[in-house]
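S.K.: Keeping their order, the protein sequence lines are chains V and S. For the first sequence, the tail end lands on 294 under numbering that gives the first Met the number 0, and the numbers increase by one without skipping. For the second sequence, the tail end lands on 336 under numbering that gives the first Met the number 0, and the numbers increase by one without skipping.
A couple of the hints might just be wrong.
[To be verified] Straight-line distance between alpha carbons at most 25 Å, and here's what the computed SDA-like set of lysine to any residue pairs gives:
id	chain 1	residue 1	chain 2	residue 2
1	V	K103	S	V57
2	V	K133	V	D221
3	V	K49	S	T172
[Claimed, not checked] From chain S, some residues computed to sit far from chain V (all C-beta separations above 10 Å):
id	residue
4	G86
5	K109
6	Y117
7	G122
8	D194
9	I245
10	M254
11	L265
12	S284
13	I315
14	V323
[What the hints assert, rightly or not] To give an idea of the interface, some chain V residues facing chain S are shown, with a C-beta separation under 8 Å as derived from the structure:
id	residue
15	N16
16	I126
17	S268
18	I272
19	P277
Hints listed in this document are in silico derivations from the structure and should not be mistaken for laboratory results. The beta carbon of each residue, even a glycine, is placed where N, CA and C say it ideally should be.
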Amino acid sequence: MSAIKDTKQDRIFKTFNYAFLTVALLIVLYPVIYIVSASISDPNLVSQGKMWLFPKGITFEGYKRVFGNEQIWIGYRNTILYTVLGTAINLAVTLPAAYALARKDFAGRNVIMAMFVFTMFFSGGLIPTYLLVKGLGLVNTIWAMVLPNAAAIWNIIICRVFFQVSIPKELEEAAIMDGCSTTKMFFKIIIPLSTPIIAVMALFYGVGHWNNYFNALIYLSDQNLYPLQLVLRQILVLQEMSSGTAGATAMANKAELAAIIKYAVMIVSTLPIIIVYPFLQRFFVKGVMIGSLKG
Amino acid sequence: MNNNSQATTQQANLDPVAEGVEHEKKVHRIRPKPRPKKKKKKKILQNWELYLFVLPAVLYFAIFHYIPLYGAQIAFKDFIPSEGIWGSPWVGFENFTRFFESYYFWDLIKNTLGISLYSLAVGFPLPIILALALNEVKDNLFKRSVQTITYAPHFISVVVMSGMIIAFLSPATGIINHIIVLFGFDPISFMSDPDWFKTVYVFSDVWQNTGWGTIIYLAALAGVDPQQHEAAIVDGASRWQRIWYINIPALIPTMIILLILNTGNLLAVGFEKILLLQNPLNMESSDVIATFVYRSGILDAQYSFASAVGLFNAVINAILLIAVNQIAKKRSETSLW
Numbered sequence: 000m001s002a003i004k005d006t007k008q009d010r011i012f013k014t015f016n017y018a019f020l021t022v023a024l025l026i027v028l029y030p031v032i033y034i035v036s037a038s039i040s041d042p043n044l045v046s047q048g049k050m051w052l053f054p055k056g057i058t059f060e061g062y063k064r065v066f067g068n069e070q071i072w073i074g075y076r077n078t079i080l081y082t083v084l085g086t087a088i089n090l091a092v093t094l095p096a097a098y099a100l101a102r103k104d105f106a107g108r109n110v111i112m113a114m115f116v117f118t119m120f121f122s123g124g125l126i127p128t129y130l131l132v133k134g135l136g137l138v139n140t141i142w143a144m145v146l147p148n149a150a151a152i153w154n155i156i157i158c159r160v161f162f163q164v165s166i167p168k169e170l171e172e173a174a175i176m177d178g179c180s181t182t183k184m185f186f187k188i189i190i191p192l193s194t195p196i197i198a199v200m201a202l203f204y205g206v207g208h209w210n211n212y213f214n215a216l217i218y219l220s221d222q223n224l225y226p227l228q229l230v231l232r233q234i235l236v237l238q239e240m241s242s243g244t245a246g247a248t249a250m251a252n253k254a255e256l257a258a259i260i261k262y263a264v265m266i267v268s269t270l271p272i273i274i275v276y277p278f279l280q281r282f283f284v285k286g287v288m289i290g291s292l293k294g
Numbered sequence: 000m001n002n003n004s005q006a007t008t009q010q011a012n013l014d015p016v017a018e019g020v021e022h023e024k025k026v027h028r029i030r031p032k033p034r035p036k037k038k039k040k041k042k043i044l045q046n047w048e049l050y051l052f053v054l055p056a057v058l059y060f061a062i063f064h065y066i067p068l069y070g071a072q073i074a075f076k077d078f079i080p081s082e083g084i085w086g087s088p089w090v091g092f093e094n095f096t097r098f099f100e101s102y103y104f105w106d107l108i109k110n111t112l113g114i115s116l117y118s119l120a121v122g123f124p125l126p127i128i129l130a131l132a133l134n135e136v137k138d139n140l141f142k143r144s145v146q147t148i149t150y151a152p153h154f155i156s157v158v159v160m161s162g163m164i165i166a167f168l169s170p171a172t173g174i175i176n177h178i179i180v181l182f183g184f185d186p187i188s189f190m191s192d193p194d195w196f197k198t199v200y201v202f203s204d205v206w207q208n209t210g211w212g213t214i215i216y217l218a219a220l221a222g223v224d225p226q227q228h229e230a231a232i233v234d235g236a237s238r239w240q241r242i243w244y245i246n247i248p249a250l251i252p253t254m255i256i257l258l259i260l261n262t263g264n265l266l267a268v269g270f271e272k273i274l275l276l277q278n279p280l281n282m283e284s285s286d287v288i289a290t291f292v293y294r295s296g297i298l299d300a301q302y303s304f305a306s307a308v309g310l311f312n313a314v315i316n317a318i319l320l321i322a323v324n325q326i327a328k329k330r331s332e333t334s335l336w
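So here's chain V without its partners, still in its complex pose:
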């Protein structure tokens, strides 16, 4: 193949292609670098536009404020709790269900699957769901953060496809021949063979819980239950708005404080995901690709 030389046209194309991708790369990268730099720069220089790429007038005041803020710690603690508990529930619901639905000898699988998929296209909507959660007495409890999202149909489909495609049927048959029960087979054979998909699921669900703010917004009013995202909303979105309309000095002080901690709080809240992301990126991609198979 390489015996055929690139034509001039192809070389132009290649140059153009690399240029295009480099530009795309820079567009994505620049805001991220900017935030990192801004988080350790003198906020005055940042707001005057004197900081373009590398940090200027290095100060860690922003981080000090963030870590000195009690609300942030409470939010962090709550988010970790919701993420761990929520993901555990997600996995406990998703994996067994997906496995059962993957088994060809499971009578009624199509009916159950159809019942699940139906919810993908038709839902009662926000208000009936809200009234249900309220009626169940979940409002202002941690359960409002984990139960309404106990499973996602898309993830069940991804797992089901994985179990169908990647677990050799002969293995299951052999286990059954040896008198292995379904439960035992699931825990001793299927789970150990499925670590990639379990990792994918844990990540998808985990990121979802970590970033979830809407459940908290509608179901929680107790500040001590607020997850990090809701605390962030107060700092990043609401204060900025109020500082634009009100002129009082208290507001100005608040705005100044917000300016100092704004970028630091973005980094601090995203840090756990930034840390795990490079190691787990491959898994994420795998999950999406399995999901894109016909399922």
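Given chain V, put chain S in place with the hints provided.
M.R.: Only chain S this time, still in chain V's reference frame:
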């Protein structure tokens, strides 16, 4: 070994020989009169554990998806909390007509459709273009770095994303406006100017999700038979021609599926971000059906009215989804079902 495991776990057993010996006593309790003909029943009983496996999921979907579906009837009622969903009086289409006749109805429709169509027009082709471009890169290190970095913003939370948008676009202190001023123009107050809202929304979405959107297309491109390309090269096809006549046709089924799914969500724009970016000044172009449902339902507790609005939205979505799927089926034989 064999006997051991049978002795400890003798529940569901597919082995017909072992069943007669080990399984009988267990099964008998549940099935009083075993009849030879009832194959299906036998199958169900043999796999009783599988039913336990799906039980949590079935309960979850029944409670958190089907009960609200049933509860959606409050759209046709005058919901009185003390009477409950069932006890509240029927009012027919009153809530709907109130919505259709309200002065904000057309604004909401215009904004919702406007934002989704704008997103679709800008956000749909870009991942395809990026995937095609990435697919041409043979240098693995460069390819991998572009991928890793462009996927990453997908994992930024919507709150942080909104915070970034507000910080970057601030008229006095934002970096974007510093750049605009640097080139000698006047700063733009993006967040308080209704004319800018849709663009801000759509392009921030593009920044966040284009890279992630390439994954599916790259997978489809990886499935293209290299022999096709080799044959084309021998026939003297340029790179551009190979992309146009081999790669793009290979992506069409994926494109159609994603287009159908996107159209089905046309009225369900990513409203969490809109809610966060909304302020009184940009309201006239940022208020969409979903944010309106949130405000009138959750904040003002007009449950029946808000449900009606939400239901209207859901029905239109379902109709669009079915229609687009039908069209796709007729024209290209690719469809969701």
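S.K.: Return the numbers of the hints above that this structure violates; sort them in rising order.
M.R.: none
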